[in-house]
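> Based on the provided sequences and hints, a complete structural model is requested.
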Amino acid sequence: MSKDIRIKKGFDINLVGAAEKTISKAVSSNVYALNLDDFHGIIPKMLVKQGAEIKAGEPLFFNKADEKMFFVSPVSGELVEIVRGARRRILTLKILADKKQEYVEHPVLDLTSVDGSAVRDFLLKSGVWPFIKQRPYDIIANTDVTPKAIFVSACSTAPLAADIDFTLQGKETELQAAITALSKLTPGKVHVTIGKSSDSPFANIEGITLHKISGPHPSGLVGTQINKIDPINKGEMVWTIAPQDLVIIGELVLTGKFNAERTIALGGSVVKSPKYYTTKIGAEISTFLYASGVNQDAFRLINGDVLTGSKTHPEGNLGFYNNAVTAIPEGDDYEFFGWNKPVFDKLSSTRAFTFSWMKPNKKYDLDTNTNGEHRAFVVTGRYEEVFPLDIYPLQLLKACMVKDLDEMEQLGLYEVAPEDFSLTEFICISKQPHQQIIREGLDLLYQEIG
Amino acid sequence: MGLKEKLHQTKLKYQGKKMAPAFNAIHTFLYSPNETTHSGGHVRAVDDLKRTMNTVILALVPCLLFGMFNAGYQHYSAINGFPENFSLLEHFITWDNFWLGAITILPLVVVSYGVGLAIEFVFAVIKGHEVEEGYLVTGMLVPLIVPVDTPLWMLAVAVVFGVVIGKEVFGGTGMNILNPALTIRAFLFFAYPTWMSGDKVWVHGAVDLAGTPDAISGETILGYLAQGNNAEMYAKYNLSEMFFGFIPGSVGETSTFLILLGGLFLIFSKIASWRIMLSAVLGALAMGLVFNGVVAAEWIPEYSKFYGLMSFDFWQHLIVGGLAFGIVYMATDPVTGSQTNKGKWIYGFLIGFLSVMIRVFNPGYPEGVFLAILLMNVFAPTIDHYVVQGNVRRRMKRLKHATILPKPSDGKAEELKVETA
Chain A
4 MSKDIRIKKG FDINLVGAAE KTISKAVSSN VYALNLDDFH GIIPKMLVKQ GAEIKAGEPL
64 FFNKADEKMF FVSPVSGELV EIVRGARRRI LTLKILADKK QEYVEHPVLD LTSVDGSAVR
124 DFLLKSGVWP FIKQRPYDII ANTDVTPKAI FVSACSTAPL AADIDFTLQG KETELQAAIT
184 ALSKLTPGKV HVTIGKSSDS PFANIEGITL HKISGPHPSG LVGTQINKID PINKGEMVWT
244 IAPQDLVIIG ELVLTGKFNA ERTIALGGSV VKSPKYYTTK IGAEISTFLY ASGVNQDAFR
304 LINGDVLTGS KTHPEGNLGF YNNAVTAIPE GDDYEFFGWN KPVFDKLSST RAFTFSWMKP
364 NKKYDLDTNT NGEHRAFVVT GRYEEVFPLD IYPLQLLKAC MVKDLDEMEQ LGLYEVAPED
424 FSLTEFICIS KQPHQQIIRE GLDLLYQEIG
Chain B
-13 MGLKEKLHQT KLKYQGKKMA PAFNAIHTFL YSPNETTHSG GHVRAVDDLK RTMNTVILAL
47 VPCLLFGMFN AGYQHYSAIN GFPENFSLLE HFITWDNFWL GAITILPLVV VSYGVGLAIE
107 FVFAVIKGHE VEEGYLVTGM LVPLIVPVDT PLWMLAVAVV FGVVIGKEVF GGTGMNILNP
167 ALTIRAFLFF AYPTWMSGDK VWVHGAVDLA GTPDAISGET ILGYLAQGNN AEMYAKYNLS
227 EMFFGFIPGS VGETSTFLIL LGGLFLIFSK IASWRIMLSA VLGALAMGLV FNGVVAAEWI
287 PEYSKFYGLM SFDFWQHLIV GGLAFGIVYM ATDPVTGSQT NKGKWIYGFL IGFLSVMIRV
347 FNPGYPEGVF LAILLMNVFA PTIDHYVVQG NVRRRMKRLK HATILPKPSD GKAEELKVET
407 A
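Chains A and B are the protein sequences, given in the same order. Residue numbering for the first sequence follows the working numbering, starting at 4 and increasing by one per position. Residue numbering for the second sequence follows the working numbering, starting at -13 and increasing by one per position.
Heads up, a few of these hints could be off.
Residues from chain A that face chain B, not an exhaustive set, calculated with beta carbons under 8 Å [stated by the list, open to error]: (1) 305; (2) 316; (3) 339; (4) 353; (5) 357.
Because the hints were derived from the structure by calculation, they are not lab data. The beta carbon of each residue, even a glycine, is placed where N, CA and C say it ideally should be.
Encoded structure:
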């Protein structure tokens, strides 16, 4: 069964440096690392000491607030360093990989006979649970909740994002296994959304409700799709999983091994030959970045896409949830009369002597300059044009800023994640940090209401 | 060392100091800053508040230039009589007209910007935030909505009042409830009414010459109508003069033609809300039609003091007085207007509707648009509240059908699954 969704409001950001559709195998990294910032709100309790020998898929730590939730090592090797920050907070776990990888062997799940609670235990123990995110709050799913539905967005519209149809080619068996396992955890549906005219590996997967979506970004964001398919109400819980993580779950279900391998897109105008690489979660980015080459020294390296990714550096590591790495120029330079001269080489959502509207398909080489200073909210009606959710974005942001819990709830904060506000942030004339405002609002709501 | 580096060094020197906002305001005027993204998305669109405000100012420049020529034209015509066969190049766009307009109007612009920006700088330094760009538009609007001979000290006092009481006490740009430019206009109107209405203030020199043998006057069209002198008005001005703006009035408000172009430009550039403009026009037409209907139905006698304005053709309200200017440049102020798209329709419609109503029912102040906009500024948050409540109610309705599932640890999930299967 397939249903068509058409998104009208939105804005496509076409950037220079889209990854060419060839997959290379990245050289294996010496050191792999888990960055704890990837797991929002998790306070880790270590299970192994520095110097311990661990296998791939062996638990490194668990969630202090929920001891059933384990986080495992992507590779086998020695835990060489626990990098700590202020007040001994753990920032990064570094693992020196073995030449020959050894895996923790889990019993293979027999999908025809297992019930939901067995699947749940399996996912928790094997350490793939953190791939499951929940809404409200956009955090790793609570282990003791039955979701009303599971959402997977298999369509990426973000700038320079990995083409999911391409990266998941030939993974149908794994996807099917993961979907079958996960569908036992909810009495509701598993909604998978694919691009309208795409050649998606999900087309023939059973046990899902398939949706086809078309329209500009953010049609590929799972938040947009949830809002159009089955919006979240107060008290409800839905899960979201990225399709590349389904592959890892599927392989684990079929083989009993946690294989952290993933195909990622390396893109951005700084990269000389942008293309796809297979590598593992936590791999050092330099292992594939310099294989493609960079054309300047000072650039912004991003784990993820330019709208939602996190800042990193060539010695940094591929994030737990990321399937793209982007490198764009830094924009730390002044521009003479940048605020009033006509602009042809930067994107704009208006036509105030900005001419990007004349060439909707042109690819732009944007840098990280904010193009203006932070101001109070002044203009209105702009966000609504790029925000397809049935929510008043400006009003919700203001409710978060003044910490009005009732209003946050009423205006629909339960339905959104920071990434849903990445596009309004991009076009914001007042240069307000929308994603941060929403993140802080969600954290406050979680803390107060939970 | 180039200018860019010099300014960069100075910026570093001032960093964290009290005067930093003042320096940065000048620095960012010359160069857009070298700031890079540090939270959320890594790229940003090119539009900022400076560009937005600049676009509005550019849309106002034609009105300002026209106002200068018109000031001279009205002055010399009042003294020498209106030309028989009016020719644009011969009688209007002349150096004499421009020179007179420039020496009377540029001081208004300078005082408005000088006083207003000084206050903005002082507040920015005291409160330690950057100088926000809101006043760039306000400072341009103010000289355009006052009579040409407004004394400069009066304007300065009004600007101080408008910026401090109308804006800064609420927290500065983006936080104000009333449009600052209209607050300034309202202050002038109620504090110095003799300078803001009557038939002596709209033409340069009329006040000085009053009572002398050379006395001149220039009644606005609304002034004629308020006194019921419709026939006299039509004898003096024809429709094209009203539309193109060769009539007495506040400096920048007379040329509906240029205002229309400015409005279309603002809509095209996506800076101002077309919803507000369109609905305000509809509101004004609706109210005008009601009054025309009252006259046609002969519900009021011809000697009524409202008859002159009520019988004025409904659509002509749009081309006289400050209505068009108010709709295009003032009602669309995003800070003080309605912020929701539905709200904008209601807000705009009521502005048009009330403007014409005040205009007709209050011949004492023949121009109602600024009062109507200020009134609706006050109501805009209420309109938005009800619009947003609509969204909230929709969400509440959905809540009735929420699927809240028991926790798996209660062991009930399986039962539920059987039920739903």
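> All hints are to be evaluated individually against the structure, with a verdict given for each.
Checked hints:
no.: 1; hint: 305; result: 6 Å, holds
no.: 2; hint: 316; result: 14 Å, violated
no.: 3; hint: 339; result: 6 Å, holds
no.: 4; hint: 353; result: 4 Å, holds
no.: 5; hint: 357; result: 6 Å, holds
Violated hint for the displayed structure: number 2, the only one.
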